[in-house]
Amino acid sequence: MIVRQLTDGTVKQEAVRKILEALPDWFGIEEAREEYIKNSVEELCFAAYEDNEEPIGFLCLKETGKDTAELSVMGVLSEYHRMGIGSALFNSAKEFLLKQKRYSFLQVKTVQMGKYEEYDRTNRFYQSLGFKEFEVFPTLWDECNPCQIYVMSLE
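If you read the sequence shown in this note's numbering, its first letter stands for residue 470, the second for the next number, and so on.
Please keep in mind that the hints were generated in silico from the structure rather than gathered at the bench.
Accuracy of the hints is not assured; some may be wrong.
[Unchecked claim] As a list, the in silico DSS-like pairs of lysine-lysine whose alpha-carbon atoms are at most 25 Å apart:
1) Lys531 to Lys563
2) Lys563 to Lys507
3) Lys601 to Lys531
4) Lys531 to Lys568
5) Lys568 to Lys535
What you are looking at is a predicted structure, and each value in this text was computed from that prediction instead of being measured.
Using the sequences plus the hints, can you model the full thing?
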């Protein structure tokens, strides 16, 4: 498995679309999925490849403040879950941010722990990477999906 930074906008969108459309349990709302795909053009993106041809996972980062970047979206094909792909993507992105020394913090948003089993796994994954609970916004997205924000220091 290899992780590469994607720089071409079309390649970013193709990789993000391929993965997100294969993960309807997390990205089943078409409008939100299309927004992630559209935004990927302007974001810092990394993709994981098993055979160096087709992406099996991706991660995108965006700037949210002068000192903060956000892991805006990531996905790994279901058949590759629990094989270290997400961690490898995250570690490549974090290494890039640390070398850049432009940001002090990294944040990520997900659905609050305890609402849905699939998101509880996501929460545990972020915690395993070193993210810490920051704040919950009960109605940022909607009452059925309280937004949990996690943060991590990059210093």
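We went through each hint and held it up to the structure:
1. Lys531 to Lys563: Holds, at about 13 Å.
2. Lys563 to Lys507: holds (23 Å)
3. Lys601 to Lys531: With a Cα-Cα distance of about 19 Å, the restraint between lysine 601 and lysine 531 holds, given a limit of 25 Å.
4. Lys531 to Lys568: holds (16 Å)
5. Lys568 to Lys535: holds (16 Å)
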